[in-house]
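Produce the complete structure using the sequences and hints provided.
Here are the chains, one letter per residue:
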Amino acid sequence: DAGITQSPRHKVTETGTPVTLRCHQTENHRYMYWYRQDPGHGLRLIHYSYGVKDTDKGEVSDGYSVSRSKTEDFLLTLESATSSQTSVYFCAIKGQARGTDTQYFGPGTRLTVL
Amino acid sequence: KQEVTQIPAALSVPEGENLVLNCSFTDSAIYNLQWFRQDPGKGLTSLLLIQSSQREQTSGRLNASLDKSSGRSTLYIAASQPGDSATYLCAVVIQGAQKLVFGQGTRLTINP
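Protein chains in written order, with my numbering: chain U, 1 to 114; chain X, 115 to 226.
Hints in this document: simulated from the structure, not taken from any laboratory.
The structure presented is a predicted model; accordingly, all values stated were derived computationally and were not measured.
It cannot be assumed that every hint is accurate.
Okay, derived cross-link-like pairs now, DSS-like style, lysine-lysine, Cα gap no bigger than 25 Å in a straight line [to be verified]: (1) X:K156 <-> X:K182; (2) U:K11 <-> U:K57; (3) U:K53 <-> X:K182; (4) X:K156 <-> X:K213; (5) X:K115 <-> U:K57; (6) U:K11 <-> X:K115; (7) U:K57 <-> X:K213.
FRET-style restraints, in silico, Cβ to Cβ [claimed, not checked]: (8) U:T77 <-> X:T223: 36 to 42 Å; (9) U:H10 <-> X:E129: 31 to 37 Å; (10) X:L133 <-> U:S65: 40 to 46 Å; (11) U:R30 <-> X:N132: 36 to 42 Å; (12) X:Q116 <-> U:D73: 25 to 31 Å; (13) X:T140 <-> U:H10: 32 to 38 Å; (14) U:T77 <-> X:Q165: 33 to 39 Å; (15) X:N132 <-> U:P39: 37 to 43 Å; (16) X:I121 <-> U:S65: 32 to 38 Å; (17) U:L114 <-> X:P226: 37 to 43 Å; (18) U:S65 <-> X:S142: 33 to 39 Å; (19) X:R186 <-> U:Q96: 37 to 43 Å.
One side only, chain U facing chain X, incomplete, derived with CB under 8 Å [as the list claims (entries may be wrong)]: (20) Y31; (21) G42; (22) L43; (23) L45; (24) Y50; (25) G58; (26) Y64; (27) F90; (28) T100; (29) T102; (30) Q103; (31) Y104; (32) F105; (33) G106; (34) P107; (35) G108.
Where a beta carbon is used, it is the ideal one built from N, C-alpha and C, also for glycine.
Right under this line is the structure:
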């Protein structure tokens, strides 16, 4: 347990609506990540952050934006949700505050876009 | 582009056996490699991390090895138990990057 929470844990929404997922950490880690997990594709990086207001794109960033205004919170926004964004979303941190490069994952958010 | 492959995709063995899970990667310029387990409907649990300068890491009944030159890692599980049933994922961090690239996982079933 690396003190990572995600909210909401489950969400059902309709195509075209905006959605924001929240990742919260309690250990002051610098690096935070958003991944999505899909059958047949595995886990893929969407965006990551290396500090407050410092973010970069991952492999599958189209249709997603992120923000990090505080060390502890990393937000993922789907500007206009589509059915292809139905997935399980995982937040992760790199444990440098624990003196390790290990990445620790949150419990996930299951998002369904109808 | 770094690609990570895990074979087999699924494995079923009787309880008590020792077993090996395989992971291969196409670019040997990695910073580290990490093994995870994932239970159905759950998040990922980190098992072991091997830095690029290391050859192996051990934790309890688990031993992970790394051969960077051949682009391979193995996860050895000794005396398997039904509680070891899960999907096992390996992932690499490329040098100069901060991002994990995942394999698709091996779904392991230990039969009592």
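Going through the hints against the structure:
1. X:K156 <-> X:K182: With Cα atoms ~30 Å apart, K156 (chain X) and K182 (chain X) exceed 25 Å; violated.
2. U:K11 <-> U:K57: OK: K11 (chain U) and K57 (chain U) at ~24 Å, within 25 Å.
3. U:K53 <-> X:K182: violated, 35 Å
4. X:K156 <-> X:K213: holds, 21 Å
5. X:K115 <-> U:K57: holds, 16 Å
6. U:K11 <-> X:K115: This hinted pair is violated, its Cα atoms lying about 33 Å apart.
7. U:K57 <-> X:K213: holds, 10 Å
8. U:T77 <-> X:T223: 36 to 42 Å: The hinted range 36 to 42 Å holds for T77 (chain U) and T223 (chain X), with Cβ atoms some 38 Å apart.
9. U:H10 <-> X:E129: 31 to 37 Å: holds, 34 Å
10. X:L133 <-> U:S65: 40 to 46 Å: holds, 43 Å
11. U:R30 <-> X:N132: 36 to 42 Å: Since R30 (chain U) and N132 (chain X) have Cβ atoms about 39 Å apart, the given range 36 to 42 Å holds.
12. X:Q116 <-> U:D73: 25 to 31 Å: holds, 30 Å
13. X:T140 <-> U:H10: 32 to 38 Å: holds, 36 Å
14. U:T77 <-> X:Q165: 33 to 39 Å: holds, 35 Å
15. X:N132 <-> U:P39: 37 to 43 Å: For N132 (chain X) and P39 (chain U) the Cβ distance comes to about 30 Å; the hint is violated.
16. X:I121 <-> U:S65: 32 to 38 Å: holds, 36 Å
17. U:L114 <-> X:P226: 37 to 43 Å: Hint holds: Cβ distance 41 Å, inside 37 to 43 Å.
18. U:S65 <-> X:S142: 33 to 39 Å: holds, 34 Å
19. X:R186 <-> U:Q96: 37 to 43 Å: At roughly 27 Å between Cβ atoms, Q96 (chain U) and R186 (chain X) fall outside 37 to 43 Å, so the hint is violated.
20. Y31: holds, 6 Å
21. G42: holds, 4 Å
22. L43: holds, 4 Å
23. L45: holds, 5 Å
24. Y50: Result: holds, 7 Å to nearest chain X Cβ.
25. G58: Holds. Min distance 6 Å.
26. Y64: For Y64 (chain U), the interface hint is violated, since the closest Cβ of chain X sits about 15 Å away, which is over 8 Å.
27. F90: holds, 6 Å
28. T100: holds, 7 Å
29. T102: This hint holds: T102 (chain U) lies near chain X, its Cβ roughly 5 Å from the closest one there, short of 8 Å.
30. Q103: holds, 6 Å
31. Y104: Y104 (chain U) check passes; min Cβ-Cβ to chain X is 6 Å, inside 8 Å.
32. F105: With a closest approach of 4 Å, the F105 (chain U) hint holds.
33. G106: Constraint on G106 (chain U) satisfied, holds at 6 Å.
34. P107: holds, 5 Å
35. G108: holds, 5 Å
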